Each structure stands twice: as structure tokens, then as C-alpha cells.
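Engineer: Next come the chains, spelled out residue by residue.
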Amino acid sequence: MNLTLKVWRQKNANDKGGLETYPITGISEHASFLEMLDVLNEQLINDGKEPVAFDHDCREGICGTCSLYINGEAHGPDRKVTTCQLHMRMFKDGETVYIEPWRSKSMPVIKDLIVDRTAFERIQQAGGFISVNTSGNTQDANALPIAKPMADKAMDAATCIGCGACVATCKNSSAMLFVAAKVSQYSYLPQGQVERKQRALNMVEQMDKEGFGNCTNTGACEVECPKGISLEFIARLNREYLGASVASE
Amino acid sequence: MSTLDSKIPEGPIKDKWTKHKNDINLVNPANKRHIDIIVVGTGLAGGAAAASLAEMGYKVKSFAYQDSPRRAHSIAAQGGINAAKNYQNDGDSIYRLFYDTVKGGDYRSREANVYRLAEVSGNIIDQCVAQGVPFAREYGGLLDNRSFGGVLVSRTFYAKGQTGQQLLLGAYSAMCRQIGKGKITMYNRHEMMDVVLVDGKARGIIARNMITGEIEKHSAHAVVIASGGYGNVFFLSTNAMGSNASAAWKIHKKGAYFANPCYTQIHPTCIPRSGDFQSKLTLMSESLRNDGRIWVPKNMDDVMAIREGKKSPTELTEDERDYYLERRYPAFGNLVPRDVASRAAKERCDAGYGVNATGEAVYLDFKAAINRYGKQKAHLLGVENPNDAKIIELGEAVIEEKYGNLFQMYEKIIDENPYKTPMMIYPAVHYTMGGIWCDYNLMTTIPGCYAAGEANFSDHGANRLGASALMQGLADGYFVLPYTIGDYLADDISTGAIPTDSPEFDAAAKEVTERLEKLINIKGTKSVDYFHKKLGEVMWNNVGMARNAKGLTEAMDEIKQIREDFWKDVRIPGGMNELNPELEKATRVADFLELGELFAKDALAREESCGGHFREESVELDGEQKGEAKRNDKDFAYVAAWEYKGDPRDAVMHKEELEFKDIELKQRSYK
Amino acid sequence: MSKGFSKSSVGKKVLMALSGFFLMFFLLQHFVINFLSVIDANTFNEVSHFMGTNGLIQFIMQPVLLFGVLFHLGMGIYLELKNKSARPIKYAMNKPGESASWMSRNMIITGIMVMLFLGLHFYDFWIPELNTKYIVGDMTGLSVDGGFRYFEELQHKFVDPIRVIIYVISFIFLSLHLLHGFQSAFQSTGFNHNKYTPIIKKLGNLYAIIIPLGFIVIAIFHHLASH
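Protein chains in written order, with this note's numbering: chain A, 24 to 272; chain B, 223 to 893; chain C, 2 to 228.
Worth double-checking, as some hints may not be accurate.
Calculated pairs, DSBU-like style, for lysine-lysine (alpha carbon to alpha carbon, straight line, at most 35 Å) [what the hints assert, rightly or not]:
(1) A/K220 <-> B/K732
(2) B/K634 <-> A/K29
(3) B/K756 <-> A/K29
(4) A/K103 <-> B/K893
(5) A/K128 <-> C/K4
(6) C/K158 <-> A/K220
(7) A/K128 <-> C/K91
(8) A/K171 <-> C/K203
(9) C/K91 <-> A/K29
(10) A/K220 <-> C/K134
(11) C/K91 <-> B/K634
(12) A/K103 <-> B/K755
(13) C/K96 <-> C/K13
(14) B/K634 <-> C/K96
(15) A/K115 <-> B/K748
(16) B/K405 <-> B/K599
(17) A/K232 <-> B/K439
(18) B/K520 <-> A/K34
(19) C/K202 <-> A/K232
(20) B/K520 <-> A/K115
(21) B/K634 <-> A/K103
(22) A/K232 <-> C/K13
(23) A/K34 <-> B/K732
(24) B/K756 <-> B/K520
(25) B/K748 <-> A/K72
(26) C/K85 <-> C/K8
Label-pair ranges, simulated between beta-carbon atoms [claimed, not checked]:
(27) A/A36 <-> B/D779: 54 to 60 Å
(28) B/D421 <-> A/A36: 38 to 44 Å
(29) B/E881 <-> A/L167: 38 to 44 Å
(30) C/A93 <-> B/G435: 27 to 33 Å
(31) A/K232 <-> C/K196: 58 to 64 Å
If you are wondering where the hints come from, they were derived from the structure by calculation, not from laboratory data.
Quick caveat: nothing in here was measured; it's all calculated off a predicted structure.
In this text, a Cβ means the ideal position worked out from N, Cα and C, and glycines have one as well.
Isolated chain A, as found in the complex (with noise of 0.2 Å):
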């Protein structure tokens, strides 16, 4: 198939960048997204142009490093897919397609395709963890039983891959989705317990002086998840961080 393909260049983060226009010709539809894409940088290559930046690594939906903002959503227009497993057969002959890197003051582009996401690493760090140090003497792990539900629901919320989606496809840039999976995950959990009212005062803290947007409810970002996280979590967040707000001294 035959396609002409806009894509964002933007040589480095001061750079002001633009979309380019390349016409591509007989892409397999059984090729991946970025497969196409290796096709498309391989002739920029061989024409001695520079090739497209893009972020990927795995290339089979688990890693969350490939991001791409595809014909105006987030991985494109599959459902419950990273880009590097959206195929081409989604799309038609002939077709124009837009590829631009998520759009958020606190994810800016570092160049092409590729943001920066590091504002995700710093709620990790703000209290994405349970405090247990590494020991030859842990609780046997059968001592505390956890319901099936609930441990359903962390392993439901823990599936976050934290590529970004949500904020990308969010009309605010919230990154509400992101923190919820985490802070879900271990408020599900007893062994999550001990932190649990801090770890969401704290995570949210972080979220905030990130500048990310406010969550409006608007539920794209589960839509757009590539492991359909749930919207149930950021109420559930809401209401951890209410509980904890409350309680606070």
C-alpha cells in the first residue's frame, strides 16, 4: 500500500519543528507501525537525509518505550494496542496519516518523535514503592493471603506499561490515569498498608508540580490505554487522596 506520511521533525528541544511531508510506497499491510517506519528511515537513509527519531524498544506492546500521536490518537486508531503493534492494515490505501509526538508542557520533545517522560520517574520515585529492603529473611509469602479479587484488581491496575498515552490523548494532560494504576496497585494490597495515605499525598504532590493538567473525567484516557486501565482507579485515587487529605494532621 501507498501512503503520504506527516511527520513531526524537530531537531532538537529548542528547535521550533514542523511537520514534513514523505510519500511511502508498498508497505506490506502485514507490517507493523514502526516496521513501517524502519522502511520509511531506511530510504530517508538511502536518499542521505536523516532519519526519524522514534522512540521503541520491545516491539511486542510491553515496554511502553514507543509512544506516537497517530492520525489524532494515541497509538493510532486501534484499540488496546501500543503502536508497535498497530498494523497497517488499519489503514487505507492512499491514506494521509499525521504522526506527531505526545503533546504536554511536562513531556517536551527531545527530538523528532521522542519526549522526554522523565516527569513519570519522578512520581515513581515520590512514593511508588513499598519501603522493604532486600532480605534473606522476608515473611514466607503465603504468611498473608490476599483475597483473589483484590489481588485481581492490583495485577488489573499494575498493568500500567507508563508510556504515556493517557496524558497524550487527555485534553488536559493529566496524568491522573498514571498515578492512579500505581497507587491502586498497592492500596489493594496489605502489604501496601503501612504507606498507603502518604504515598498518595505524596505521588499526587509530585503530579502537580510536574504540570500536568487537571483530570476532568472525560474517560479518554481509558479508551485510548493500551492495557485498558480503568477508569475505577482514578476514583479510587480521589478517594485514597480524599481519605488521606482528611486524615492528615
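Got chain A sorted already, so can you dock chains B and C onto it with the hints?
Structural biologist: Just chains B and C now, with coordinates in the frame of chain A:
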């Protein structure tokens, strides 16, 4: 002449680790804060080590080429993690896990290391649960287990099909806690370019800031390499695009021996290649083989008709199908170990029976399982005389419950409904058992330089059991390195900070810069991927699932030729002092082009078939096992550790003889 | 309560929801009383007189309501501006409609339309009321012919078809605002439950359609009745 001292502690195997921990030197907590440790890689081994070392009080500098430690490729492991907990009361024990691992590794691993691995396996599960890893549970609230990889007990812990992700996020969260406290300094988007030796000891690394291109000097009292395996030497593998062997290869060139590079695991259940644009291969959990039956058509006419789309595989009757694993291995059938299943698929496809356009695919069929489960379910629900449609409906629901996410993944990639038409699978490079040689303390032949996780060689021998990679990475990172590294660092408490303005650092930085300049100034005509693909092709054809002396010799020459062409004709657009993915790829491929040759050399030297290494010259000639792999314990029960001598083909082999005191050596049989 | 609560994004969101709940509760009672005018003029007059002269309602509830309205408006505009600034560079191609409803994405538009309407509404009813009661000082609630004036005044306002049309359009905006606002307020305050959320959503849709529709009926009823 051997310079290898594996430093295995004396005493009975079950006491070695405890005794060793009691005997080794410790570093006083007050002194730890004056000691720097560099950890390269943030996967299960590197992440766990960085977090644990920081918790102990060391100053840790952690390096990842990704934009976050959480993206290391350990995240992609699906199946699970083994631990000898015996929660299922099925007779599991540390000894049994030890035995299974040594046997599974085809008796080419180091007994003492494997025993230690089995010994700490239980602690890993305790540690992960304490960190909030949401393992699967039963309704009673206790941890669930499944059986994995053809062993006789259920000892695999799992978190849906995302066990690697959850374990890595556990280690990542522990790291985050230490980064927040300032105990770990995290260097994201940094690539290690070389190790720096001062007075023969590893004292730091040269790293490239991948955003600015700046060449940075980082010093430490010890360097841990936990940068994963080298499967991407094949270009197509289940590894991440960025997975590379450069850190391991750089220390090899500075004096660390590289052990058993030819031991590669080829995983049988991957999604086949669909065209030349293919950038990587996707693995599907091997649990699929519990219910899927593997076959190709018996008749060439059918093969051709299927390839041309004139016939659907569902039209073939049972008589027209060749369930070749069930035919060749009646006892184990579709559940033979990974290497056996992979070779059998290759054998059929080489004979021309591959079922897709590339000729490299076999069927994995769930029809029988759907029927069986459907009937069971109907019986369970009390449906009287269910019709076929009802049985299929019920059966598909059961299959969906078990493998839903894998089926969905398959459908997304191939665009065929695997509930209705059989899946297509083909083997792909998945894991490398070989790696940097290290002693019992995980120290390489460079003093102060350690290797952990897939980057080292020690625990899986010639073949790795399912669900053991995660176990080994975390064992090394959480429970081995934090203890053993102290033994070395105890001598460094009064060394003080290592200066980076020494001639050694300057020379290493200069060398790195010059190499990058050289690469970028070649300004040839072909892309990095062009060379990488060529290398991959040679590796796959000659050093892949079946190897012979002629092919391996040719491969060594061909790889050398590709390497020379690469250094003459590669084109790297862009500059050095900016984010430049092509330059990053080029540095990695340059190393693969050297490693590949050593790989072939090692495979050539090992004139036996063992585990993932299959030499066509070494097969059983008659009897029930005719044509199957033949191991040669008399001549090859050793670790081949290669010393770098300037050119991969000039590498010198050092042997570490393997002693099996606690396990009797047996030939594997799956008939 | 922690010091940072009202400064935090989640805190503001909760306050927005709480003021929303309050306004929705007010709207419900406002609707019930107004709908009495369709059913029975006398009852409407009596209740109106009570509401208009009761000290608790006039001097405590009314200022609280006014504060609630202004807070909801002010916070809404503040958050919108802040959210807009969180994405300084817009997408060249964006399809927000693929993942979120128009209502949820345009609360600021529907909200401002409702607020503009409130200006007209105050001009129509509240300011004349304040004038009659507290400037002129007539607390009797009686018209020149001796009966209660409320029903008559109400009907009189809807003689003008332009005003009726403006009211109807405004109620449509109110409906759009509520279609998202009702369920959103529950989500913001942490109510999300597999079992109850679907019920809340249905209830929210009912509320968001029935109340504005009822107001439209009232407006049209009085317009027709006045001719």
C-alpha cells in the same frame, strides 16, 4: 595453563552457600557510603542489584539505554518464575529444582551455582510479594502455581501472562525508592561505551549521554554488568530492538572471558516472519503447547495448495496431517523440551513442508483441545447430547479463559482467528545461555568487574528451563551479588573516591571518541540495518538450530567479511553530539559483528550436541534414539571461556572442567 | 484536612464536584417549585412567598447558593485555563471525539452558556425581586389586585417568544452540562463501583434530560398560557 578459578567453596553442596556467606569479608556500614558501584543495565538482575546495594548503603550509579529503568527487556517475559516452595505439596524441593535445572541444561552448568540458585529461589518469591508484586492467587488467597516446561512439579509462580513485567516493576519500584533517597544516581538514556581499568581493576566506565552525545567518565570501586544477552546477533529475535551485547563485549575486550557463546535457546512457539520488513519476532508462551497439537501436511500437494491460498488447513483430514512431534516422540509428544521442538519444526520446514509464504511455519492446532474441553464443559453444565456447534462454543470459551491474551495477540499480528484456523508458529532466537564467564562470586576475570543475569553464563548450562531466567536474574541481583561483592570491596574501604582525571580514564574516553568519529566518518552507502540483517542471515543459516563444521567455518569467514565491509561502507547520518539512533545502532552492530565470529568459533570447537547447541556430526547413529542429539561428556564436559586476543578468530580457549558430584550424568530421552 | 488539599489538583476536583452536587440539589428543588406553577397557581404562589420571605432561606441559603455558583464558575474557568496551558503546542491532527464525548470535553462551553443564561435569569427574576423586597421594601408579596404576584409575574415573562427561545436553548446547554456533570461529580468524589456506577450513569442521564426538559415545558406552558 588454565587461569580460571571458579572459587567454589568447599564442603557439601547444600552447605556451600551458607558457609561461603559466613566466610567472606564484609564492609562496615559506615564505610559503604564511601564506596561507589556502577551497575550497567536495569533489568531484573541489574535493577535488583542496584536497589539492594543502595539499601545496604553503597553509592550506586545505574545506567540504562532506555528512558526509564522500567523498560528493560526483562519486562517482556511472560510465563513465570520458578521457586522451590513446594506450596502444592507435590514433592518439590531445593534439590529437585537444582536437579531439573542441571538436567535441563544438559549437564553443562556449574553445579554449585545452580544449587545456590535453587536455594535462594524461595526468598525471591517472599521478597517480591513483600514489594507488592501481584502474583496470581487461588480463591483461598494463597499463591497459585502452574507447571511449566515439562517438569514434574508445579513450581512456577506467575502474574497473568506478564510475570516479567510485574517482577521488573517490583525491582523498579525498589530502585525508585533509592533514587528518591539519593542513594542511586540514575543515568537514563546513557550507553556504556567502555570499561576503565586502573591497575588491572575495573574502576569505572565511559558512557555516552544519548541525548547530547556527550562522552562521560564515571568512576566506581566496582562495575556490575547486567546488560542481558546477545540474541540480537541474529538480527531477528524475541529480544527488544535495543538489546545489545556491547557492555559485555567491551569488558570481554578488556580481559573478561566470554563463556560458551554458542549456547543459544531457540524458542519453538513464536509468530512466524511475514516479510523482509520484519524487525523482530514475537514469542507466545510455551504453555500453548499444553493444549495445541503441532502438525504440517503429509502431502506436498496440500502444502502448495495452502501456500497459494487454494486450500485451508481446516480442510485437511486427520490422515492428511503429520503430527510430527507425536510421531517422533510418543512419550512426550508436543511437550518435548524447547530445543527438540524447535529442531523438529526446522527439519519439517527444511524438507519443504512449511505452511506459509516464507516456507517457515508449522501449525499449532487447538481443534482437538476445543472439542475435548467443550465436551467436558457440556458434561459439567449438564447439557444433554450437545451438538457440534455447542461443543465448539463451550470449548472455545475454555481456551479463551486459558490463553485469551495470547490468541488476541496472535490475531492482532497475523489477522487470522486462531480459534477457527490453526495458529502458525516457527522457532525464534529467545535467550542466550552463554555469556561473560564469572566465578562463584559472579566476578569476571577482571578484578572488580561482575556479571549478573543473562549477561553471565553460569546457571543454565547449554539450555535453559522455562521460567528460570527470571529466577536467575533476581537471584543474582537480590541475593548473590549484594553479598559477594562485599568480599572484594572490603579491601577498598580506604581507597577513597576514584578520580576520573587519571590517564586511564582519559585514554578510554579518547578511544571511545575516536571510534565514534571513525564510524561517523565512514560515510558509506549502506545503512546499519543492512549489515545487521546480513549478519543475522549468516547466523541463522549457519549458526542457528543445526550446525556443522563446514557451515561454521564458512560463517566465520562470512562474518569477518561483513565486518570489514561494515567498517568501509556503513552510512551513519547525523552527528555525534546529538541524539542519533543510527550511531547507537552502529556501535552495537559493530560489536555483534565481532561477537558473531566468536560465537561460530565456539560452536565449531564444541564437537558435540548439547542443549541448544546441535552439531549435525554428533547424533545417535542407531537404536531408539537414532538421529537425536548426542552429548559427549568424556571430551566436552567443560566450560569454554574465551580470552580476547585482538581478533575474534584468534581468541584463546580456557577450559573450566565441570564436575558433577551430586548428579549423575544421563543422556536425555523423550521417546 | 491537609494544608495542600485545596491547592492540589485532586482537591480542586473534589471541590468542583461538591459545588456541582450542591448546585444539582438546588436545581432539583428549584425545578420542583417552578413546576408547581404548571400544576397549581395557588400552591406555587404560597411556596414562592415562603421561599422569598423566610429569613433562613433569604439570608443564609441564598448567599451560600450565590457563593456556590460563583465558586463553580470561577474554579471552572481557572481549571480550564490551567489545563489549556498544560499543552502549549497543540496537535496538528486531533480526533478527541474518538475517545471522549462532546459533553465531557466541552464543559467550559456549556458551563459558560449556562452562566450567561443565569445573567439573563437574574435580570428577569432575581434583581426585580431584590428591588421589590429590599429597595422598595414591599415584603407582602401581593400585587396591586390583592393576590400573590408571583405566578402572574412568571407568566408575564414568557409572553415574549424570543425570551422563550433563549430559555429553551439555555436549558439544552444545561442538559449537555449535566449529562457529563452528574456522573463526573460522583467519579470525582471517588464513587465508582462496578455495581452502582451503571445505575448512577442512568440516573444522571435521567436527571440531565428530565430537569431541563421540565424547565422547557414550564417556559413553553407559560408562553402558551399567556396568549
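Engineer: Of the hints given before, which are not true for this structure?
Structural biologist: Per hint list: 1, 4, 6, 10, 16, 18, 20, 27, 31 violated.
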